[in-house]
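Chemist: Chain by chain, the residues run as shown.
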Amino acid sequence: MKLTRAGILYIVLLLLLGFGAVNTGNNLLYLMVSALLGLMSVSGFLGRANLRSLEVALDLPEEIYDGVETLVTVRIKNRRRKLPAFLLQVDLQGRSALVRTLGAGDEARVPVATAFHGRGAQRLAELRIASIFPVNFFVRSFAFPLERDFLVFPAPHPCRFAFGSEQAREVGGPTPKGRGGDGDLCQIDDYTGAEPLKRIHWKLSARQGELKVKHTGATAREPVVLDPALLPGRDLEEKLRGATWLVNRLMREERPVGLRLADRLIAPAVSRGHRMHLLRELALYGQT
Amino acid sequence: MVRLKTLLNLLAYGVSLLGFLPLAAHLDAPALVAFPLALVVGAVWDRREEFPLKPGFATLFTVAAFVFYAAQVSRDHLIEPAVNLLVLLLAVRLLSAKGGREYPQIFTLSLFALAASSLLSLGIAYLFYLAPMIVGITAGLVLLSFYKVDPEAVLERRELRRLSGVFFALPATSLLLMLAFFFILPRTQQPLWNFLQPTAAASGLSDRVIPGSLAGALEERRPAFRVQSPPLPPQELYWRGVVLNHLDDRAWERRTPPRERTRVEGGEEVRQTFFPEPGPSQYLPLLDLPLELTGVRHQRDGDLVFSGRPRERRLSYEGVSLFGGRLVAEDGVDREFYLQLPQQISPRVEAAISRIVSAAAGDRETIAALEDFFIERRLTYSLDAGLHAEDPVDHFLFESRRGYCEHFATSFVLMLRRAGIPARLVGGYYGGHYNAMGGYYLVNESHAHLWVEALVDGREWVRLDPTTLSHNAAQAFGGSGLNWRRGLLDAVDHFWNRIVITYDLQQQIELFRKAGERAAPERWSAPSLPSAAALAGVALIVALPFMLRGAGNLRGREQRLLRRYLNLVRRRHKLAEIPPSMGLQELAEQVDDPACRRFAAIFGGAIYHDRPLSEEEFRECREVMKRVGRRGKDEG
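First to last, the protein sequences are chains A and B.
The C-terminal position of the first sequence is numbered 288 in the numbering used here, with every residue numbered one higher than the one before it.
The C-terminal position of the second sequence is numbered 1636 in the numbering used here, with every residue numbered one higher than the one before it.
Quick caveat, the hints were computed from the structure, so don't treat them as lab data.
It cannot be assumed that every hint is accurate.
Said to hold, decoys possible - 27 Å max Cα-Cα, derived DSSO-like pairs, lysine-lysine:
| # | chain 1 | residue 1 | chain 2 | residue 2 |
| --- | --- | --- | --- | --- |
| 1 | A | K2 | B | K1148 |
| 2 | A | K77 | B | K1514 |
| 3 | A | K214 | A | K203 |
| 4 | A | K82 | B | K1148 |
Build the full structure now, drawing on both the sequences and the hints.
Modeler: Here it is as structure tokens:
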């Protein structure tokens, strides 16, 4: 709980009136001071009650990249039967979003644009919700335990690499035309977190109440197997960022991609599940 | 849908008006005109989102007003400049742009304005300004929280509906807590700034009476005091105040009485609590004949006059009287002192006294003859008797034959003394309106009265009221009671003064002492109104977190049901213990009871889907619980 500037001024006002009441012995001033003290006490209790009985959950996108802004949906449910909740400010990774009112029994879905730093397995232990309700004297905050584990993939970094060398190996004929970045609109799908924000179909998202992305057509390309250790880059992290970019870029073009790791080889394929598998491997690369 | 700013503007107008109204009667013309004008102009311009007073001008105007009124401030003239300045500052704020800083300033200035009004008047009207102001400010502060996060917010009807509960609960609970805090906040024995207390209009008993001077007071309906007492016979309600024992030229006055030992005996003991109006009088009235007084520092004289310091503030004191008792002068009195006469008595008065004295044997007969003389004169009780400067007694008895208590009493006492009976005048009040709603007498200034005490047989002071000898006494003293409306208003005013205005350190200590005593179970009894309010408030403070906790966790009914169910299962299936981690379904399988399976299905269906049990489900659960462990019996 943190006292705000308005709270400090209110206390000063209260002290002034209290000082006046005690020194004049004027009971009407005592009444006023008592009422103001009462207001402060009740606002304290209501402020506490406002943050109780909330249930908080987090909907993380499937693909989270190191340092790349992504939309995380915070779900807040007011478990009270009658009392609404007000002015709930969600603080996540230094970013915040506001729920102005939340009716009793209602659930709010709050998108928070935030970025996670550092690839690999991460854990969100708690989520903090703050509120100045009912009056802006105190900022109360409450940490809701989450214990949510997730993976952060290396940030994709453009990697100019000439396929056809020892890095690339053809495993099959031309693949059919599929989704990509430069064709016509071919499909509308749920936002997973992997898509760039410019792909979000805002009008449709607003109409349907959840984020939707546009997929456009692309032409097919040849399969490759990537060995991160052999990719250009000053260090392993830079190489992994390049590999991530290549995996996404090539698979978006429906080009089958495989991965050569220190101890095994992941054969090229072109499905979404395969791509997630590769990204997971890259996220955990070199980590035990 | 409504704009947040519109709501805040409306609250600012309302709250500032509540700050202005109680001060309106005390304002100079500029402030009196400026505020309503600023309110109207400000409201009109707010709708256009333009502001007539730019920040620079507002500052300039504020500084000018401050300098102007600061120059007028002195120790005796402190409040008036301050309230004028406050109202002008409010007017400036209403004309300026309003935002996150300005709204709290308007609320604060309004609060200070209302606080300042308490230094000018102590009437109950204050409460009727304070309560709505707290409601308005509370709602304003809640809306300001929303304003802080989004100044351009538009509140939907649904949001307003949700907020309406807060707008009601927050001020209502604050006002309830106000009652508790009021009685427990620390107070001092002698406030340092006592001079800032509002002073009351002068009233009360004087220790010098010139016949004719009381007429003004007798027409006044202003309360003199209120006294809590059991109902008493109205014709015997003499409230003793001061004894006038010396005639100086035309004026009767009080001189220090000679040392004499008196005793009050007989009669019925009556306890009273007095709430006199503030005033310059030092005399503390009590029901005749008074025995003792407690509650204020005072001096008691042998002639049963109780005096203290002039009452600048409201106070209360307790009195004990012997109603219908006798005042006995144990060692006689200084006869010379009580027989003092004016230098000249008119021949007509002398002749009348000679006739009376020659025909009577003893004091009682003389008094009776004197009373007969007054009756024979067919004197008329009238307030427009005027004053005859030359010889008021002669003029009253033989010329005008009209007068009120002063004329009757001063003439009677003079004739008594001339007849050789020591006598004195007693000033006080006669009668009063009994307020059955409040259980007290309201005694107005119009009840001011003067009567006579004569020393009979050198031993007993006897009360004589010559005014009752007028031929129209029955009509003059019949009086009219309080109608229900006046009675109600006066009762409200009385309790306001009694509970709020006169509450001080002494009463606070007494309250805590009584609360401590009543806390002991063996001494428990019904608490008085202030202590009940204080206890209720403290209880509320203590209970509120639990109440809110209960409100936030609204599954009490389901929890109780589950607890009963688990106890039942444990008992009927003879289980040693049911681990907390065991699910209902798991438990049902373990005890292999269809009733338990059914209970688990209903209860789990609701709770695990995060909803409370419906009434029907709740009833079914209870029915199912009756069958738990009874399978064998039912089947058998």
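Chemist: With reference to the structure, classify each hint as holding or not holding.
Modeler: Structure-based check of each hint:
1. A/K2 to B/K1148: Distance of about 16 Å is within 27 Å: holds.
2. A/K77 to B/K1514: Given pair A/K77, B/K1514 is violated - Cα atoms ~49 Å apart, limit 27 Å.
3. A/K214 to A/K203: Holds, because 11 Å separates the two Cα atoms, which is no more than 27 Å.
4. A/K82 to B/K1148: holds, 26 Å
Checked against the numbered hints listed earlier, the structure breaks hint 2 alone; every other hint is satisfied.
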